[in-house]
Every structure is written in structure tokens, then in C-alpha cells.
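A.B. asks: One letter stands for each residue in the lines below.
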Amino acid sequence: EPEVTQTPSHQVTQMGQEVILRCVPISNHLYFYWYRQILGQKVEFLVSFYNNEISEKSEIFDDQFSVERPDGSNFTLKIRSTKLEDSAMYFCASGDTAGGTEAFFGQGTRLTVV
Amino acid sequence: EDQVTQSPEALRLQEGESSSLNCSYTVSGLRGLFWYRQDPGKGPEFLFTLYSAGEEKEKERLKATLTKKESFLHITAPKPEDSATYLCAVPYSGAGSYQLTFGKGTKLSVIP
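As they're listed, the protein sequences go chains D and X.
In terms of our numbering, the first sequence opens at residue 1 and continues consecutively.
In terms of our numbering, the second sequence opens at residue 1001 and continues consecutively.
I should point out that these hints are in silico values taken from the structure, not numbers from a laboratory.
Small disclaimer: the values here were computed from a predicted structure and weren't measured.
Check the hints yourself; a few may be wrong.
What the hints assert, rightly or not - Result set (DSS-like, lysine-lysine): computed pairs, CA atoms no more than 25 angstroms apart in a straight line: (1) D:Lys57 x D:Lys83; (2) D:Lys57 x X:Lys1104; (3) X:Lys1063 x X:Lys1107; (4) X:Lys1107 x D:Lys42; (5) X:Lys1059 x X:Lys1107; (6) D:Lys57 x D:Lys42; (7) D:Lys78 x D:Lys42; (8) X:Lys1068 x D:Lys57; (9) D:Lys78 x X:Lys1042; (10) X:Lys1104 x X:Lys1063; (11) X:Lys1057 x X:Lys1107; (12) X:Lys1068 x X:Lys1079; (13) X:Lys1063 x D:Lys42; (14) X:Lys1107 x X:Lys1079; (15) X:Lys1059 x X:Lys1079; (16) X:Lys1068 x X:Lys1057; (17) X:Lys1059 x D:Lys83; (18) X:Lys1104 x X:Lys1042; (19) D:Lys57 x X:Lys1059; (20) X:Lys1042 x D:Lys57; (21) D:Lys42 x X:Lys1042; (22) X:Lys1104 x D:Lys42; (23) X:Lys1059 x X:Lys1069; (24) X:Lys1104 x X:Lys1057; (25) D:Lys42 x D:Lys83.
Claimed, not checked - Looking from chain X toward chain D, a few residues come up when the C-beta cut is under 8 angstroms (computed): (26) Phe1034; (27) Phe1046; (28) Leu1050; (29) Leu1100; (30) Phe1102; (31) Lys1104.
For glycine and all other residues, C-beta sits at the position ideal for the given N, C-alpha and C.
Make a model of the complete structure from these sequences and hints.
C.D. replies: What follows is the structure, encoded as C-alpha cells:
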């Protein structure tokens, strides 16, 4: 069964460092998303990406964050100058149609900023 | 502001003891309601999409229903492997929006 794959599963980084979280969406999907979940809190939307550009972003997704689809299979989230409060599970998701239909999530990357 | 509220926050059931989880929402122009299952330290696993009031979907011991203001996830004769957090989500009502708004979830524990 097709699935969304994320690497690494766990990343520990020093405050102020840059991290890149990687995702391989389901191959025939066109819509890509990043969400995050701080421990014990709700899953929160960060950004959606379609046709090689950002479709929508939340207030969380400030200049510290960027996304890229560098080739036909990978989708990345870059966090520049990480802060302690960036510690969370980051989930990549993909879907074959927009908005009102299913988004399939990866297993997540646990980011710990120390 | 779109809101998704789930209740109860936590539910402990004996194996075989059926129950229901609730998801109430306030969003204009509902474009679907999604149920996900989330195991500890894992990503949300898609279960169901419901689009219109009166619609029902079933999968093994789970049945999801939808009204104009809320959705229920009914669990019939649960087993310990059904223990997980169940999340409800709706697409944001903004025109052309792709983002999902999630509830806090109901943590289900099924005791053997």
C-alpha cells in the first residue's frame, strides 16, 4: 500500500542550527502539506504546496520556515535558526485532490531542539 | 473562527464494551469531515471521510456518522488493539483553503 515516508524519524539539533526534514509523498499525489504537533497538543497546519508553489500557510509558518520540492519525489521543510519552541513532531501529508478530500500522513519526524 | 471540539478527552472501556466518541464542529460550508487514528509517536492514520448529514461509513468495529453539527465514531465490541487517540478534522472554511483543522482528540484505552 502506498505510503508517505519521512526521514529522519528523530532529529536532535542545537538551538540556532538549521534543519531539513524530508518527505517522499505518495507518488501520484499532487498536494503536499506540512503539519506539526507539539507534545500533548493538537495537530496544527503549517503549509500546503501545489504546482511547485505554496498554496497556503499558517501564522506559524514565518520566515524561519521554507519548503521545497527539489525533484519529482521529495518534499522538504527547512527550519532556519531553530528555537526551543520548534521542538515538535512534524508530519508530512499528501493528497490527490485539494481541501475537502483525504490527506495521508507520514509517520513524522520528532524534532528536538536543545 | 472554525472550531472542532472532541469529547470525551479520554475514555476507558472494557474489551467488548461499546461506546461512542463525539466531534462537534462549527464551520460554514462543510467540505468534509475526517476521522483519523493516531498511535503514540506516530502520524495520523486516515479512517473515514464524511461529506453530508446522514452519511455513515463503517470499517471493522468502527462506524462514523455525521449530522449538521457533529459526528460520532461508534466503536462496537472494542478490542485492546483499538486503543489509540482518535482525531477529527475539518477543512478550513476559507475559500480555496487546503488546511485541516484538528480537534484535540479522544484517547481511547481498551482494557482486556
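A.B. asks: Now tell me if each hint is right for this structure.
C.D. replies: To see whether the hints hold, each was checked on the structure:
1. D:Lys57 x D:Lys83: Cα-Cα ~19 angstroms, so holds.
2. D:Lys57 x X:Lys1104: The hint holds at about 21 angstroms.
3. X:Lys1063 x X:Lys1107: Distance of about 17 angstroms is within 25 angstroms: holds.
4. X:Lys1107 x D:Lys42: holds (13 angstroms)
5. X:Lys1059 x X:Lys1107: holds (19 angstroms)
6. D:Lys57 x D:Lys42: Holds. D:Lys57 to D:Lys42 sits at ~17 angstroms (cutoff 25 angstroms).
7. D:Lys78 x D:Lys42: Distance ~21 angstroms between D:Lys78 and D:Lys42 Cα, so the pair holds.
8. X:Lys1068 x D:Lys57: It is violated: about 28 angstroms lies between the C-alpha atoms, which goes past 25 angstroms.
9. D:Lys78 x X:Lys1042: holds (21 angstroms)
10. X:Lys1104 x X:Lys1063: OK: X:Lys1104 and X:Lys1063 at ~20 angstroms, within 25 angstroms.
11. X:Lys1057 x X:Lys1107: Cα-Cα ~21 angstroms, so holds.
12. X:Lys1068 x X:Lys1079: violated (30 angstroms)
13. X:Lys1063 x D:Lys42: holds (23 angstroms)
14. X:Lys1107 x X:Lys1079: holds (14 angstroms)
15. X:Lys1059 x X:Lys1079: Roughly 14 angstroms separates the two Cα atoms, so the pair holds.
16. X:Lys1068 x X:Lys1057: The hint holds at about 16 angstroms.
17. X:Lys1059 x D:Lys83: violated (41 angstroms)
18. X:Lys1104 x X:Lys1042: holds (15 angstroms)
19. D:Lys57 x X:Lys1059: violated (33 angstroms)
20. X:Lys1042 x D:Lys57: holds (23 angstroms)
21. D:Lys42 x X:Lys1042: At roughly 14 angstroms apart (the allowed maximum being 25 angstroms), X:Lys1042 and D:Lys42 satisfy the hint.
22. X:Lys1104 x D:Lys42: The hint holds at about 5 angstroms.
23. X:Lys1059 x X:Lys1069: holds (22 angstroms)
24. X:Lys1104 x X:Lys1057: holds (22 angstroms)
25. D:Lys42 x D:Lys83: holds (20 angstroms)
26. Phe1034: holds (7 angstroms)
27. Phe1046: holds (5 angstroms)
28. Leu1050: Given a least distance of 11 angstroms, the restraint on X:Leu1050 is violated.
29. Leu1100: Where the cut-off is 8 angstroms and the nearest Cβ of chain D is about 6 angstroms from X:Leu1100, the hint holds.
30. Phe1102: Check passed: Cβ of X:Phe1102 comes within 4 angstroms of chain D, closer than 8 angstroms.
31. Lys1104: holds (5 angstroms)
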